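Undergrad: One-letter residues, chain by chain:
Number of protein chains: 2
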Amino acid sequence: MNLNNSTTKISKELLDFALSSVVQSPNTIEENRRKLMNPTTQQMLTRGSIRKFDASKPVSKELLDHLLTAMIQAPSYVGGQQFSVIVVQDPAQKEKIYEYTMPASGKGMTYIQQAPIFLIFVMDFNKIETAMKVENTEIQVTDSLEALLIGTVDVGILVEAFTVAAESHGLGTVTVGAIRKCSAQIIKDFNLPQKTFPIVGMAVGFPAEGVLPKVTPRLPLSGIIHYDTYNAQGFSNVLAEYNETMKQLYAKRGIELSWTKLLSNYYSKPIYKDLTEIYKGQGFKF
Amino acid sequence: MNLNNSTTKISKELLDFALSSVVQSPNTIEENRRKLMNPTTQQMLTRGSIRKFDASKPVSKELLDHLLTAMIQAPSYVGGQQFSVIVVQDPAQKEKIYEYTMPASGKGMTYIQQAPIFLIFVMDFNKIETAMKVENTEIQVTDSLEALLIGTVDVGILVEAFTVAAESHGLGTVTVGAIRKCSAQIIKDFNLPQKTFPIVGMAVGFPAEGVLPKVTPRLPLSGIIHYDTYNAQGFSNVLAEYNETMKQLYAKRGIELSWTKLLSNYYSKPIYKDLTEIYKGQGFKF
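Protein chains in written order, with my numbering: chain A, 12 to 297; chain B, 12 to 297.
Keep in mind that the hints were calculated from the coordinates and are not lab data.
Treat the hints loosely; a few may be bogus.
Any copy will do: because identical chains look the same in the list, a pair fits if it lies in one copy or spans two.
Claimed, not checked - Lysine to any residue pairs mimicking SDA-like chemistry, simulated, CA-CA at most 20 Å apart:
#1 Lys199 to Tyr111
#2 Lys63 to Gly90
#3 Lys46 to Val89
#4 Lys225 to Pro204
#5 Lys280 to Tyr88
#6 Lys291 to Asp154
#7 Lys280 to Ala189
#8 Lys192 to Pro204
#9 Lys225 to Val89
#10 Lys107 to Phe297
#11 Lys280 to Ala66
All values derive from a computational prediction rather than experimental measurement.
Construct all of the structure, not just a fragment, from the sequences and the given hints.
TA: Shown next as structure tokens:
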């Protein structure tokens, strides 16, 4: 969703929908909220993942470099830039990732095939180890859980930085956590060395014609934000209503589902049991 | 750095510096790069952390709500919003965090005291467990490393989303990973329940008068971005030059340091050894 230049325009309807879905309750859509919106926050408030790309519309090397350059200025722990990003453009490699991430249902993520670019965000202490050789010191942080926290937060920051930059240029993105299902294959296929680990993927491209971002309502702030102490009541108070909102939204999209059902589907079974072993195999300890 | 409205203006000098420091080499500052800049990417390219706040200038509740609302529309794994954010405004609590995070040098992070707001970003599967009770299912993902990856990436995304939104409104931020040094105290002081874990903090406020973001040069793209396969050579090729750039930058800031020395200082000793135990104590397994 590009709101910074005039090449695309957000419709009043989408904006109204987005606002009504993200604010605390419809009654709070007040004039002063609208007044606080600037092009950046408006873009953020009306964003949604794009899952259908225009395969015929490439992303130029210049635009990609511009977005990546903007992305890496984002905060990084001690400025260490504990990450690498693999740009996957080869159709055969994208096809492999599509196959690896195929869910049991057999309905694969076709946007991995369609998108002109698939990014793999890698936590990277291999380069840190290389850098430390200049000082003749040995890396020890990778023997601690701390390395994983540093690396994954760094990667999460990059994911959002790229998303914001890309959307400001009219591109669409969708984040793909499912690459963790096939960590071992990703490590092998992309020659990821010791002290690196693939964290998350992202399909990037121009949205297919007529495809607008689907803005998904979030929990009201009172279900997420706590003041000065954690208070579980805030979430409990809003859960039933949010679940109903999401149920209605899924119904509109032709799916019989609720938020709690979705979470149960994902989280009630042990997943990626071998992740710890693969992680340790890359030279990390806890 | 607010580039979206006219209340603050970026100087041509800062922009030139930022561009010359972030592009591949001075020779590549071409007209077409500048053409690709829009207000969003310009803001991102010229950002830097703010470590000195105007303690007398509060952030209004309306502005904070606006930023938080924009923040939570960012992508989240399966839309699960596996996070909570604690807004710390109480000076006594901020003082405690300042003490907990005090480095051995005794030079504490005074911006934690100064900032009108300190945010604690918490990975939160406690609420997911609560939500799943609606379906009479039990959470199992927290027995896997996958939960940590989901939660920390979700948090990293939030950190950057808040940063971008806040900077678009002229606020400054600095991310504080050092709260992991005092995870146990944070858990206790803020009553974080089982299946939650504090990941990162952030000081937020209006910059003190005259304080501009210090734009820190990043590695050239060729040291971070890989095409279709991981290639360690890219980083090795640029390391010496980047290290020299950073050495000169530190010298300008009155510090005798290089990038490789900085990394050695942080990463050559085992840190936060008890993190795994504290994490497990919150009801997680690997």
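Undergrad: All hints, please: hold or fail.
TA: For each hint, the structure was consulted:
no. : hint             : verdict
1   : Lys199 to Tyr111 : within (13 Å within a copy, 42 Å between copies)
2   : Lys63 to Gly90   : between (35 Å within a copy, 18 Å between copies)
3   : Lys46 to Val89   : neither (36 Å within a copy, 31 Å between copies)
4   : Lys225 to Pro204 : neither (37 Å within a copy, 33 Å between copies)
5   : Lys280 to Tyr88  : between (33 Å within a copy, 16 Å between copies)
6   : Lys291 to Asp154 : both (10 Å within a copy, 17 Å between copies)
7   : Lys280 to Ala189 : within (15 Å within a copy, 33 Å between copies)
8   : Lys192 to Pro204 : within (19 Å within a copy, 29 Å between copies)
9   : Lys225 to Val89  : between (36 Å within a copy, 14 Å between copies)
10  : Lys107 to Phe297 : neither (31 Å within a copy, 28 Å between copies)
11  : Lys280 to Ala66  : neither (35 Å within a copy, 48 Å between copies)
The structure fails hints 3, 4, 10 and 11 (numbered hints given earlier, in ascending order).
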